[in-house]
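Colleague: Quick note, the sequences are listed as chains C and D, same order.
Heads up, the numbering used here is the position in the first sequence plus 43, with the first residue counted as 1.
Heads up, the numbering used here is the position in the second sequence plus 311, with the first residue counted as 1.
To be clear, the hints were calculated from the coordinates, so they are not data collected in a lab.
Ideal Cβ positions, reconstructed from N, Cα and C, are used throughout, including at glycine.
Among the hints, a few may not be true.
[What the hints assert, rightly or not] Cβ-Cβ distance ranges computed for the label pairs, FRET-style:
| hint | chain 1 | residue 1 | chain 2 | residue 2 | range |
| --- | --- | --- | --- | --- | --- |
| 1 | D | 572 | C | 132 | 30 to 38 Å |
| 2 | D | 346 | C | 102 | 25 to 33 Å |
| 3 | C | 117 | D | 525 | 29 to 37 Å |
| 4 | D | 404 | C | 117 | 22 to 30 Å |
| 5 | C | 151 | D | 484 | 47 to 55 Å |
| 6 | C | 102 | D | 379 | 40 to 48 Å |
| 7 | D | 517 | C | 132 | 17 to 25 Å |
| 8 | C | 117 | D | 361 | 26 to 34 Å |
| 9 | C | 198 | D | 442 | 33 to 41 Å |
| 10 | D | 517 | C | 177 | 40 to 48 Å |
| 11 | C | 95 | D | 572 | 54 to 62 Å |
| 12 | D | 335 | C | 246 | 44 to 52 Å |
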Amino acid sequence: MSRATGPSGHVRKDSVDLRRYLSARMLPLVVLLAVLVSLSAPLAYFVLTVRTLRTRAEATAVQVASAISREIQDRPVLWRYDAYKLLAHIRAFTEETSIARIEIVDRSGVRVPLDDQPLGRRTGAEPLMWESAPIEINEQVVGHAWTGVVLDEARAGALLLLIPFGALGLGLASLIYFIPGRAMARATRRIDQSQAALARFNQTLEQQVAERSSQLSAAYTQLQAKEERLRELSSRALLLQEAERRVIARELHDSAGQALTAIRINLQIIAQLAEAGARGSEKVAGLAARTLTIADATLEEIRRAVSMLGPAILDDVGLVAAIQRLCDDLGERADTIIDCELDAPPASGLSPALESACYRVIQEALTNVARHARATRVVVRLALAPRKIHLEVHDNGRGFDPSPTRPAGSVGGRGLVGMRERVELLGGTLRIDSAPDMGTHVIVDLPQVTLSEDGDDTAVVVA
Amino acid sequence: MSPEIDPEDVESPASLAALWIGVAVILAAAVGVAGFLLVDLIGTTREPFTSGEVPRDSLLYLRSTTRPPEVVHLAGSGSNLPLTRALAEAFQATHPGRHVVVFDSIGSTGGVHAAYDDVVDFGLVSRPLRDSELALDLLRVPYARVPVVVAVNLGVPEDSISLAELLDLYAGRRSRWSDGTPIVVIQREPGDSSHQAVEAVLPEFAAINQTAYRDARWRVVDSDQAMQEALSITAGAVGLFDLGAIVLQRLPVKPLRIDDIAPSEASVQSRRYPFSKDLALVSVEPPVGAPAEFLRFIDGEQARSLMRASGYIPLPEDQ
Ligand SMILES: Nc1ncnc2c1ncn2[C@@H]1O[C@H](COP(=O)(O)OP(=O)(O)OP(=O)(O)O)[C@@H](O)[C@H]1O
Ligand SMILES: [Mg+2]
Chain C
44 MSRATGPSGH VRKDSVDLRR YLSARMLPLV VLLAVLVSLS APLAYFVLTV RTLRTRAEAT
104 AVQVASAISR EIQDRPVLWR YDAYKLLAHI RAFTEETSIA RIEIVDRSGV RVPLDDQPLG
164 RRTGAEPLMW ESAPIEINEQ VVGHAWTGVV LDEARAGALL LLIPFGALGL GLASLIYFIP
224 GRAMARATRR IDQSQAALAR FNQTLEQQVA ERSSQLSAAY TQLQAKEERL RELSSRALLL
284 QEAERRVIAR ELHDSAGQAL TAIRINLQII AQLAEAGARG SEKVAGLAAR TLTIADATLE
344 EIRRAVSMLG PAILDDVGLV AAIQRLCDDL GERADTIIDC ELDAPPASGL SPALESACYR
404 VIQEALTNVA RHARATRVVV RLALAPRKIH LEVHDNGRGF DPSPTRPAGS VGGRGLVGMR
464 ERVELLGGTL RIDSAPDMGT HVIVDLPQVT LSEDGDDTAV VVA
Chain D
312 MSPEIDPEDV ESPASLAALW IGVAVILAAA VGVAGFLLVD LIGTTREPFT SGEVPRDSLL
372 YLRSTTRPPE VVHLAGSGSN LPLTRALAEA FQATHPGRHV VVFDSIGSTG GVHAAYDDVV
432 DFGLVSRPLR DSELALDLLR VPYARVPVVV AVNLGVPEDS ISLAELLDLY AGRRSRWSDG
492 TPIVVIQREP GDSSHQAVEA VLPEFAAINQ TAYRDARWRV VDSDQAMQEA LSITAGAVGL
552 FDLGAIVLQR LPVKPLRIDD IAPSEASVQS RRYPFSKDLA LVSVEPPVGA PAEFLRFIDG
612 EQARSLMRAS GYIPLPEDQ
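Bound conformation, chain D alone (with noise of 0.2 Å):
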């Protein structure tokens, strides 16, 4: 009934098997070519770069620059910034011949490693050590206490906040100023010493922060320098920030009471006013030359009397 197809055929498995083959060379080839594109697509996945000493010739990794003897280099926190640069200024006037570079600011840890490897004479550093960088075995000077203060948008209507008013804030729970203005909350990055001075004293804070952070609730800025300009210009906000920065610089902005108790060297010492962070310098080993000089001058009366003006609280404290 089927003339057309070979019975021999039909017995015989070889056309089947030559057909399997086809298939089975179409699928490999497939599988091969798909394999190589994706190969060629993805590039390797070991890392492309070895880990070890960066070579001493390095453009990227400079180890040091030519510091001369009579200048004093500086780098760390932003918030050690405005204080220290006001100090350098007064140290350069009494010192003529003398020095100082104050870089922009590179953050605690930054500071810390750039004294630690040498690159600069002092790290400037506003938070407590870390364990890993204590092992480092720095020399750690503080030399100012800043009070941190909740500091608002100069529209906004409220003197005073109390500490839960505060955790309502960077909860989200309270979401308008008493004139109606939307409450605008601006935080730092994680790490930032001032968020830790806050939670050092309120440990809901630090959850509340986390949570924020997680759910991308508030803007966060990374320096002292955005922060400021955030709380100047936009209405209804509020951050935490250095009374100091603001006195120092006559910035724009409204340091509120808290619980009714204004930030001041009294409030802070008594611990009536709950938030402060110490401004401290670290090196490698005790300085010699100009630094020494920058020491001695910071631990001097005109310049405790400059702290004082400029809402610092002059360490280490008066007995």
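Same shape as in the complex, but just chain C (with noise of 0.2 Å):
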């Protein structure tokens, strides 16, 4: 079919070479009929004609030849004086035959002169058939009867058969001819139109197809450009958040912590003085230590929003020192032996959301080692790539089954999930290893697309 998808005109002349090729070889195949179909009839017929006609002219001169030798019996000299006689009271009853002449021949192989008188209708020029019979005297032949016989009654019925036959011949030969031709014609004419439609069709379906192909790869740009565009959106979005909450945290401990530690300490004064001054005044005493006792627990409650609002530790000892110090909690509060490979510098470089995302990450890892685990050794990993983050958290503790199937939510609390969005908001991957009583595995991976280096966020974070 690799022709049909060809130029039109290739097919064109293919089909007509097809149409050509048949009747090209259908020709002397035709031919060939109409000369037998034509032929055959009227040759039959002159053969059995023929042969009828051979057997009269046999019959004919078996009985000549037996009146003769009866005659010759009875007079053996005057016989062949009216033998003429003979004869033609012999063809009397041959009457319509095509018998022309008969003639008594000699054993010599000479013809005996019987008379002048013709015998029959003898027609002079005219081809004859000749059929003889053994004339016999005593058993012995003496000469032979033969009898000629015109072969114009089988030619004329012939000629006359060949008329039909020769049109029944023609008509079927141009029947066999012309009827296959004409349905191959149509044929061909059909299959070059559905050919012709089918190119045009296919020519509008790679048309159509590289459009919607286009416009596909067209959508799929605007997605990707839209798609990268939010990613840095909501990444900016969190830096923000992040530097804003550090700023509120600095401000919270820099501002109120700095006035109620001064409080504090004046309140403490103030205690010291009542305690060593007037008896009377205990009152002030009693009345600074309840005040002390409310600032410590104000101080205590900033505090803690400080440390919510954000990792101030990193700001205050970096990413390792703070991961570090993460590890030896664990290890103070539970019976377990901690590995803790940290592989940077003591000043990552990160950018704080890189920084927090890491930290945050790790804190959970390990909350959930403390909280579910049960695990006897924690392995630790930090490892900082040029362009990429790798953290591991290993346990070897009872595990549990990680499937997503699992509704979100429905057994733990949303510790997992919080995890996953922070790594995947900064377009890094996340994933759980765990079986139950096989450990648990948390391996991420994060570019390090330093946004940091653009300006902006480094005034946010620096401010």
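Since each chain sits alone in its own frame, please combine them into the complex, following the hints.
Modeller: Right, here's the structure in full:
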């Protein structure tokens, strides 16, 4: 079918060729058929008629021979003087046959001149078919009776038959020749039409496909751009949020915290003064002590708010030290051996968003280990590659089924979900390998797209 | 679109030529076989014999029989036979030691040729010689004249007929005798002497006969023997016959008068009765010995009275 997709001219030429091919090959066969059909019946008629004539001629020859034989025995010499009458008599019985001549021939092959009178219709130059019978006398062959038959009856009949059978042959031949030819032409025309339609359809189809796919790729590019933009926006939002939190925390710590600390110190002094001073000032001391308690409580609350707003520890000691401290805390709290492999410089150089993501992820993972794992051994790994951050928290605890088919939040809390959201917002991946009694392996990869190189972000973070 | 056809094949005429050649070969073979069969069937169309002198030793074509000198051999027209046999008997009765053999009819033509070939002593001829026969330069001796009669079966009521009625009979214009019997015409073969005798007088009769032969209107017999039998036993039959043969053999047939004139020596000689023919002997050369004696005998008074008694008119005529 490869040709069908070619140029339509080529197809047309091909189909014309097929018809010509068949016609050219049909022609000899059709000629053969016409000739055979035309000739066979007349020929058969001719042969049968000739055989009939021959049989008749032979029968007549036998009749003549036996009559002559009898005559010769009756009148050995005189028979031949009126044999013409005998022959005429025999001819009267073979009237309407094609026997043109009856001749008596001596055994030497010489004709016996019987009479000048013509016997039957003597047609002269006409070629005759001869048939003979021996003339026997006392079982000795003395000569032959020959009968000559004209073939014009057979010939005329055969020629007459040639007309209808010739017409029949020609008719049959032309039917056989033209009917398949016409059918072929029709079929070819139809095939050509459908091929042209197919070619047209193919062309438009290709166009349509090209159009659609270009539309699709445009849409895809747009979508990608949008997604990129979205991620960028969300990162920036996170960044801003984080920065804001830290600012708020610092402000709270630096202003309200300092102020409250100063108030507390003042209240301590007031209390000491009141004890040492006048007895009457016992009330003042009590008040100061109560106020001190309130200030302590307030200070504690602010501290807690500050630490909730953002891991201020990061600003204080840096990522690596902060993680080390998380590990140390866990080690102190539980009977767990912690292996902390932190492959990073003390000043990580990461953006605040990345830093706090790393910190929060490890914090949550370790919290989960402490809360759920009952592990005896925990490995924490941090590796900073030039454009990539790798985090791992591995425990040998009781594990769980992390299958995502479980409805989110149905069993546990928000911890794992939050972890994943945090990582994916930054364009990274989170994997949890775990199974019951097989420990838990949390693996995080984060791209180090350093938004910190962006001037605006730096400004925000610094602020 | 038609992968099974090799495009090379479509373009190249080689396979097509092969096909044509195949068809031509089949046709040629068919024609050859048919021709062979036809030739085999028809055989030769050349004459399978030669013309010329038949060899002397032919068993078919015997030149002569042994003829002892005391035997006279006669053969020829059937019309001559009754009278000639009667004469032969009389001759033998009066000529002790002499024998006459009168063969069955071989026709006037056969008689002429047999005489010419010297197979017999005399040929018997009942019609005038044709030009080709005259050229043979034979000796011809007429010895009797016989009236040719319109003979009918004894059951036919008519006794006389006119020439016009005779023509009507043979032309088929009249189909029944006066008593209602269907008329059955018996014809002799073409060239018969009785027919010639009538045709000599009535030229229309020749044309009517020819038409009758062509249309196969009547039954045709080719000997006197057949004619006399047919006339004797067929009701309503009519045919030409010799008066002498009827009288001599006392045949049960009736000769009609023509226009009420009965055939007799007087009426024939005066030509009032129209139809007659002459019987003659032919020989190659003047006979000697027994044949000469026979010739003299039939010219004698005994033979002439025998002829007259039998309805023949002896020739030459009395002066
Ligand atoms: N390291 C671990 N070893 C064993 N089980 C764990 C571990 N980490 C998580 N899990 C299982 O997964 C569940 C979901 O943990 P997830 O941190 O989301 O919620 P939570 O810790 O129960 O509550 P929270 O919202 O306070 O974190 C847990 O309830 C616990 O059953
Ligand atoms: Mg948790």
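Colleague: A separate judgement is required for each hint: does it hold in the structure or not?
Modeller: Structure-based check of each hint:
1. 572/D <-> 132/C: 30 to 38 Å: 36 Å, holds
2. 346/D <-> 102/C: 25 to 33 Å: 27 Å, holds
3. 117/C <-> 525/D: 29 to 37 Å: Hint holds: Cβ distance 33 Å, inside 29 to 37 Å.
4. 404/D <-> 117/C: 22 to 30 Å: 27 Å, holds
5. 151/C <-> 484/D: 47 to 55 Å: This hint holds: roughly 53 Å between Cβ atoms.
6. 102/C <-> 379/D: 40 to 48 Å: Check passed, 42 Å falls within 40 to 48 Å.
7. 517/D <-> 132/C: 17 to 25 Å: Since residue 517/D and residue 132/C have Cβ atoms about 22 Å apart, the given range 17 to 25 Å holds.
8. 117/C <-> 361/D: 26 to 34 Å: Distance hint for residue 117/C, residue 361/D holds at roughly 28 Å.
9. 198/C <-> 442/D: 33 to 41 Å: 38 Å, holds
10. 517/D <-> 177/C: 40 to 48 Å: 41 Å, holds
11. 95/C <-> 572/D: 54 to 62 Å: With a Cβ separation near 55 Å, residue 95/C and residue 572/D satisfy 54 to 62 Å, so the hint holds.
12. 335/D <-> 246/C: 44 to 52 Å: 50 Å, holds
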